[in-house]
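*Asks:* Since chain Y is already given, all that's left is putting chains E, G and D on it; use the hints.
Chains as they are written, first to last, in the working numbering: chain Y, 19 to 370; chain E, 19 to 370; chain G, 19 to 370; chain D, 19 to 370.
Treat the hints loosely; a few may be bogus.
When chains are identical, the list treats them as one kind, so a pair holds in a single copy or across two.
Stated by the list, open to error - Taking lysine to aspartate or glutamate and the EDC-like style, the derived pairs with C-alpha atoms no more than 16 Å apart in a straight line are:
#1 K85 to D30
#2 K277 to E166
#3 K88 to E162
#4 K88 to E279
#5 K88 to D64
Rather than coming from a laboratory, the hints here were simulated on the basis of the structure.
There are 4 protein chains.
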Amino acid sequence: MIIVTTETATADDIDRIRERVEAAGLRTHISRGETHTVIGCIGEEDRLADVPLRSLPGVARVLPVMKPFKLASLSFAAGPTRIPLGGTEIGGEEIVVMAGPCSVEGADMLRSTARAVADEGARALRGGAFKPRTSPYSFRGLGEEGLELLARTRSESGLPVVTEVMDTRQVELVAGHADVLQVGARNMQNFALLSEVGRVRRPVLLKRGMSATLKDLLLAAEYVMNQGNPHVILCERGIRTFEDATRNTFDVSAIPVLKAETHLPVMADPSHAGGRADLVGPLSRAALAAGADGLMVEVHPDPPTALSDGDQSLTFQQFRTLMADLAPFARAAGRRMPVGPPATAEVRSPAG
Amino acid sequence: MIIVTTETATADDIDRIRERVEAAGLRTHISRGETHTVIGCIGEEDRLADVPLRSLPGVARVLPVMKPFKLASLSFAAGPTRIPLGGTEIGGEEIVVMAGPCSVEGADMLRSTARAVADEGARALRGGAFKPRTSPYSFRGLGEEGLELLARTRSESGLPVVTEVMDTRQVELVAGHADVLQVGARNMQNFALLSEVGRVRRPVLLKRGMSATLKDLLLAAEYVMNQGNPHVILCERGIRTFEDATRNTFDVSAIPVLKAETHLPVMADPSHAGGRADLVGPLSRAALAAGADGLMVEVHPDPPTALSDGDQSLTFQQFRTLMADLAPFARAAGRRMPVGPPATAEVRSPAG
Amino acid sequence: MIIVTTETATADDIDRIRERVEAAGLRTHISRGETHTVIGCIGEEDRLADVPLRSLPGVARVLPVMKPFKLASLSFAAGPTRIPLGGTEIGGEEIVVMAGPCSVEGADMLRSTARAVADEGARALRGGAFKPRTSPYSFRGLGEEGLELLARTRSESGLPVVTEVMDTRQVELVAGHADVLQVGARNMQNFALLSEVGRVRRPVLLKRGMSATLKDLLLAAEYVMNQGNPHVILCERGIRTFEDATRNTFDVSAIPVLKAETHLPVMADPSHAGGRADLVGPLSRAALAAGADGLMVEVHPDPPTALSDGDQSLTFQQFRTLMADLAPFARAAGRRMPVGPPATAEVRSPAG
Amino acid sequence: MIIVTTETATADDIDRIRERVEAAGLRTHISRGETHTVIGCIGEEDRLADVPLRSLPGVARVLPVMKPFKLASLSFAAGPTRIPLGGTEIGGEEIVVMAGPCSVEGADMLRSTARAVADEGARALRGGAFKPRTSPYSFRGLGEEGLELLARTRSESGLPVVTEVMDTRQVELVAGHADVLQVGARNMQNFALLSEVGRVRRPVLLKRGMSATLKDLLLAAEYVMNQGNPHVILCERGIRTFEDATRNTFDVSAIPVLKAETHLPVMADPSHAGGRADLVGPLSRAALAAGADGLMVEVHPDPPTALSDGDQSLTFQQFRTLMADLAPFARAAGRRMPVGPPATAEVRSPAG
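Only chain Y is shown next, with the shape it has when bound in the complex (with noise of 0.2 Å):
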């Protein structure tokens, strides 16, 4: 941390910060410029995250040095996370891609769709149960009945299920049934759901929150962690701004920037991120090309009568098409893209 002094901060006022700072445990080291003193601090920075130094008389401004978060920082891990999915591994060679309808409508649609994809290459499958609307009035899931759904297509077509749960009531419920679980987007800062899903032994896809920083992309991650689960998969999903062409500002930049903080894997969210069917098929290819590890693509066998997300959602065909438009720009990223149906009898139960 280091502590700028406005112009007119006095002796008096530089030795009430210096003790300030001290007291928390903080070695502080002086240096005096033309118009403001610099207090530096030495030591663990977190002790003083909860002091109100900008509070003090003399302070103009205060400037953290650390990151805020350690157990996901790149510097934690000996080298990039790999989390093991299936017969595969999120974060390694393979592009994971986790696909399947928005929500989960009934057992026919679930095992067309999860049969669909896999023939395609997808190494999950993706389906809500809970599902959150902006609305009360929408379609909100099937619940109990939908999870129950998801874990026997799992063992029908060989599929890993993610799923959303966004209820600290229900995390142990979800995590008898699915393989990921999924904090959305809305969820990202609700903490009481992050430290939860932080003591189940599945991994947790995390979703960026529409107008969460990085940083506190990050944090939320290192709640999880902090709880004992060190599998975090984090997901850049669109974020809010100005523009209404898509019905995100899918943020590429932070797949980069992530991959330069965290040794966590991270994914892209396509569908939620434009909002437009169209749109799935560049926003992949951009994805990829910029390093993602994976994608969760909505699918459904007839968008136009789906319950939720429809304008997004590809038919087999186009989820089929966009597959194989894929495979140059993963070799081309230095990664691959799986063919075909994954190998049988892969999948762990997640009761075992």
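*Replies:* This is chains E, G and D only, laid out in the frame that chain Y set:
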């Protein structure tokens, strides 16, 4: 709902769009322009809310006509909602100021703060027992002990208590100790929590999310009201923008815009909006001038030692000055500031 | 300037950074922390403004300490700047309201508007002769004819004239007809124009750009002042955010933040900020409550027939109500609203 | 245009709205819903662009149906516009990379940079002679001398020259030296400048403003085209958001969205978007993957000594690596990167 076709939409496309709308139980009305056809949909528009019309061939744009919220809308109620609190009402002639520390740090600081703010006309005591903090390494509140301190301070000071609830599992606990349940900005779209606070008989103070539109905020209120709780207080606390001179950008327009859309009372939180003690005065004045029904202000016996948000907390003396300064602005707005402590024994026990 | 090194910076890296800073004429002061070294740079910081320190090996962060603006900064002047206009001063005790049509549409509408607003206490006439329009197919003003109408109306009404200049080639022409030159939001970083209006002897009303930080705004003012023109009036008119209920988001905090940074007067434009006639009242009241020195308000004899911005223009009757409503807020803020037309013959000819 | 009435609109209100629309030369079509009446306006919608319909009694919402731009719209042209430059075309199969220093700092650095980038496949030399700088105290370019150095370097290197013009008075001068006129982000809505560059016979590289929607960008292009210049190249360079890890937020979706709206070529500027040399690679790859026609990249012989934007400039070696890395991404996108220097004598003199 109005559907505008593309220039190249065929008669078949238009037929299919019509069928889809009529299948949802609405009537259609076709109007052919020179380049586009416009399909008006007559009937209950929310039946179309989840129909992905944009994914149908020939659809260029879908324009909703109706407001998506009902219970919260101005036309739903005969007049402005007034929510009783202690001996006053939120949304009445009196400006209700809720003041207190960011976090409950102990019995003494809470008691002295309660007394100080009550003496100056505050009509509720705010204070966090469970604190949402961006970093897991920050002070996260005293938890249940904090709730007990709040409840005890209420009986001593005569001030009803407002405190945040962050977890569905704690709603009952918090409702047993507090008079008003606060849902924080980060949980504004935690729909599980919104539903849960909709089931208790305590007013809910709902803070606007950092990237929530006013429509999103009203839909969040609708979630609470839809569960049977009509007592929602909306609170503008700043949104996230590119400007970094302030912690958030206080959207003062939100106050008159909300007043034109809803019968619910609207408060402002100048402490979190600006993030600086020196801005609390100007932003409070602006909020009253724009029509706010109340203010939520952070006050601490000694801000430089506060465990959270000390930079934006007022001292007792600064709070006194604030309340005096606000009086003529309240009068100019046709309202009045309460003077002196609340009449005794007005506080209804939350258990009652 | 403070330079923080990376954890892996070598002694050589640090030497090279030091040399680079010292080559720019500053002294350095090294402070070694546990993981990072901090290099304080002592001397004239703007000599380092263009040195790409971040590109040097071993540099993690560069933290400026000084404000980048000088002439505009609070400490540069002995007190608040007051800019004479007609018989009043901007930045004095009186709230200066500049009112008139968005565009000058003709002689009669201009004359009747001038008379109407003067009668209610406006102290300047606004009106666009050259209009910046998002679409080339919109009405773009009467040009030079508009300027002449403005000048003629000044001599009849006693109201000094404020009008926009958009082109460096027209600065002299506009300055020959108007009393205050307005630089619009879209040209706030048109540096050629800023320099040019810095060379004339007319006050400049500088509107904040839609995505300009307050620091950017003050640097734009610095461009004008740097050319010798000390009379810059800053104007908050809303910024662009995700919220679409209003045309722009009126950043009311800008007013007190600017007052804490600069001696220049600060006005507000509630018409463009909200984009809706019904918001002009609440936003005007909020602006005065937050400390604004004046307001810029669009008024039109018949808004539904206005050639531009009719949706946000007030009728004469609405303007009368506004001015009456504002009086108690001005008083509460320690200011006063002018009453009735300006004393005659106070207007200095711009040619003089 | 579609007009939706309020629930309380009277028959008289509706008659008046109709009259107003018909007076502008359009026909109306009335459709009565259960709560609202919808008035379709048939005919040339831009005749209504300036009619303040929202200010008429009974009007709740006004919904435009047509796109506000014409010359720039996809349907206006038979196919994608290809703009000849040197021996290549922007918008053709070849990816056109424009590279060079942020500012022209002298003859030697310009010559060596031109040679280095030409050797790696750049097809134009970028370099600023007039620099828009946020602070008046920053280096603002060599001006006319810089233009002359650019022109001289063109004849030596065979690379056509792209440089910014900031002032209407300098358009002719710059057009006399450069092959492509750049309009910078801060001048994207400098309508006087847009009109002026619309009158010269040089392609215009139009950078998106920091808070410009894509619609605003296309309307700015329309300003240029409307004056007779059909050769506009659009350039995404990042928008301003709350995220501060990057200089701007690179809106990669802009590329496919623009491609779906306009026939004009679309480039990307990864240097300004990210503001960091380490992000130029990932953002360039993402831009090509999303369909960009070209890139604008800052290259400097020695970034740590650059007079502007050194933090985001590549060294010659980094540029070589970039171009090699991009080749497989260009191929994956169905395009190709040029190899080696341009064929000689291809450069048309701008005077010609």
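*Asks:* In ascending order, which of the hints set out earlier in this document are inconsistent with the structure?
*Replies:* Violated hints: 1, 2 and 3; rest satisfied.
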